[in-house]
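2 protein chains.
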Amino acid sequence: MKYKTQMEAAKHGFVTDEMKIVAEKEGVSTDYLLEKIAIGEVIIPRNKNHNSISPEGIGTGLKTKINVNLGISKDINDMDLEMKKVDMALSLGAEAIMDLSNYGKTQEFRKKLLEKSTAMIGTVPMYDAVGFLDKGLSFIKAEEFLDVVRNHAENGVDFVTIHAGINRQNSEIYLRNRRVNEIVSRGGSLLFGWMKMNDRENPFYEYYDELLEICREYDVTLSLGDSLRPGGIADATDPGQISELITLGELTKRAWEKDVQVMIEGPGHVPIGDIEMNVKLEKKLCHNAPFYVLGPLVTDIAPGYDHITSAIGGAIAAAHGADFLCYVTPAEHLRLPDVDDVKEGIIAAKIAAHAGDINKIKSAKEWDLEMSKRRQKLDWEGMFELAIDPVKARRYRAESQPTDEHTCTMCGAMCSMKNMNLILEGKDIKID
Amino acid sequence: MKYKTQMEAAKHGFVTDEMKIVAEKEGVSTDYLLEKIAIGEVIIPRNKNHNSISPEGIGTGLKTKINVNLGISKDINDMDLEMKKVDMALSLGAEAIMDLSNYGKTQEFRKKLLEKSTAMIGTVPMYDAVGFLDKGLSFIKAEEFLDVVRNHAENGVDFVTIHAGINRQNSEIYLRNRRVNEIVSRGGSLLFGWMKMNDRENPFYEYYDELLEICREYDVTLSLGDSLRPGGIADATDPGQISELITLGELTKRAWEKDVQVMIEGPGHVPIGDIEMNVKLEKKLCHNAPFYVLGPLVTDIAPGYDHITSAIGGAIAAAHGADFLCYVTPAEHLRLPDVDDVKEGIIAAKIAAHAGDINKIKSAKEWDLEMSKRRQKLDWEGMFELAIDPVKARRYRAESQPTDEHTCTMCGAMCSMKNMNLILEGKDIKID
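Quick mapping for you: the protein sequence lines, in order, are chains A and B.
With UniProt numbering, the residue at position 239 of the first sequence is 239, and numbering never jumps.
With UniProt numbering, the residue at position 237 of the second sequence is 237, and numbering never jumps.
With the rest of the complex left out, here is chain A (with noise of 0.2 Å):
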């Protein structure tokens, strides 16, 4: 069959490729993936000229995946250290990257990352736009933002975030119901002020449907912007963001009319008590689409442990349903992150996802089955294979080494492992 996008062949009932990838990786039947993806549950995104993926799926049943920030800027404008977090990225098993890169060769560096991610790539044509377009911010006119969408579906970026959803209507509730921290999304932010200093309605929202030609012809995902997330504890789940989130779920609907593979971004920063509201809010108005959550954090007081504090609350956003994390690094709120703020961010929100599958998805508990038998039988080589982070774990233990060496030098001869064995085969122990 052609089909444009896999919702549209999803729609016809025909199995594409990805599917097959996908269903084998998740041990999903493709029935399930055709009719998920047929009613926009779940999405496979996967540009078609993005050559080098290995394709995954987000959404319903499937498996918590995590994306991973990165790019060239103009106060760090080194594209081989970007590079560097790429193959970061790629070796820990990220699913995604998203490319921010936002000041000089952008492109260049798009291209490169296109052609060796494995990984689905996603962008924010905004953050490209003054670069791509040659023009200072409010000087471009509304349709030149398309064509900057254009540029990047063409390089065959597989998602891209839009921020349609702060047009004028919710920039006004937003305004009636002012905030501790304003608006917080960069992308929103920036369109925010060319809207004010242009007195103008938001472009994606005005040309939504040519926006959506341009995801159709290359079935680039639409990765629905929330430019009204917190950015606070304080503005938790207020009127802007939910209003907003309406407008998500109005965009969604016009999104699946065209085929077009949709999902829905989410907060920010939310008290634990809010975030199973805020995933249950978001399938049920936006319809069921995936929700990639940026975060969420559960408190603001810990910049260089805002790692720790997403991964809390995209543990307990997973668990609840959210099916795409956002990684969040130690140097959140402080600076752009080092390779090694690469790597402690994407763990911790494998942490995160991998605890809240353990709430959804029937096989995730195996791994920590395995790892459990492996720790009672003081299989210590076995336990570092299956460790998310063998290297570190390794390393650890290398560092202090027992008397026993059987045991750790956290219990020694009082190692519950060790005794319990012995005493369970009949044997005695013996602590002097």
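Simulated from the structure, these hints should not be mistaken for lab results.
Predicted model, so just to flag it, every value in this text is computed and none were measured.
Accuracy of the hints is not assured; some may be wrong.
Intra- or inter-copy, both count: the list cannot distinguish identical chains.
In the DSSO-like style, the derived pairs of lysine-lysine whose C-alpha atoms are separated by at most 27 Å in a straight line are [claimed, not checked]:
| id | residue 1 | residue 2 |
| --- | --- | --- |
| 1 | K392 | K84 |
| 2 | K105 | K48 |
| 3 | K280 | K360 |
| 4 | K427 | K141 |
| 5 | K280 | K362 |
| 6 | K418 | K135 |
| 7 | K258 | K20 |
Guided by the hints, dock chain B onto chain A, whose structure is given.
Coordinates of chain B only, in the frame set by chain A:
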């Protein structure tokens, strides 16, 4: 009034100096504390011989507290190293330190610790039994275990973990319902071994009344240990764990009859979906006695990162009513933590406690609000002052200087805080 324990004083409506201090620290009334301490929902662990203490309350309506484990052992018998961990714990504001010393000059270490520690001190007398009594585990007589408790109480220990719940009945239930990870509690496994080798009832269960007399005499809080806590996701919330919890609830009532303060220790390794239930079950079966959780770790697959797996579980537990979190360090399951690990563990536990408090303590989110305000103002010095780890936050930012000093290298000119402040003042933003 002459009283033996805080609980006795509270039952008679007498406000102790400790209650006054705790009321001041928590922003609650002494009337509130009197009511809650009298019924066992709040405890103030404070041995009458621990003079350096700055008392803290644990329980309903009070901020979630954290505990730091350390102590000398056979493999790493370095008193200076452990004292550095003590200094780290005190400087970072940990409210409790458990001295798990189990080899060497344990009493000397314990006395030094009690002399200097403003934090409450807990111990597990079981760990110290072999050394203190100077005989092999299997040769210790039932009554002799009490001698160790008495010594710790005389020294000034504020709370002791006692594994009185792993009695014959619960051992049998456990043996009928075997696990992937058997008895992972160190003290619990040693007692189980002792019981098997000597064919005797659990000495702390058998001599529970005598134990209560010691606790009452010095106002030592009983921390009733959960020997059958799950040590792997597969074992969570199983018959052994819950039957022991029922016993701990019975023992709680017996302690309260003698005015002995009690808290209940909890799991362990628990999937996210079981955490709220575990907290509610403890509150129900143990009559709202404060809940002290050891984690919970939400996955088994992340050795090297268990400060994160436990921060996720700890935050969720605290949000649902757990009162006291035992820190877990990155070294868990691999080796004894070093000083850096201790720091990482404390920060992660403090983040978890605070994230949970946002959900249950009205004043908790004021810290986040103030941070968010300073963030919007790009008041970097102000943010550092409020950061949970000002040193790391400062270092991170200093490592990477932005062109525009008001922003950071993450977003540079695209800083949403800066741009929104300009736009909302009616000014143009320039991105070019």
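Hint by hint, here is what the structure shows:
no.	hint	result
1	K392 - K84	both (19 Å within a copy, 24 Å between copies)
2	K105 - K48	within (23 Å within a copy, 69 Å between copies)
3	K280 - K360	both (14 Å within a copy, 22 Å between copies)
4	K427 - K141	between (81 Å within a copy, 20 Å between copies)
5	K280 - K362	both (21 Å within a copy, 25 Å between copies)
6	K418 - K135	between (68 Å within a copy, 20 Å between copies)
7	K258 - K20	within (23 Å within a copy, 67 Å between copies)
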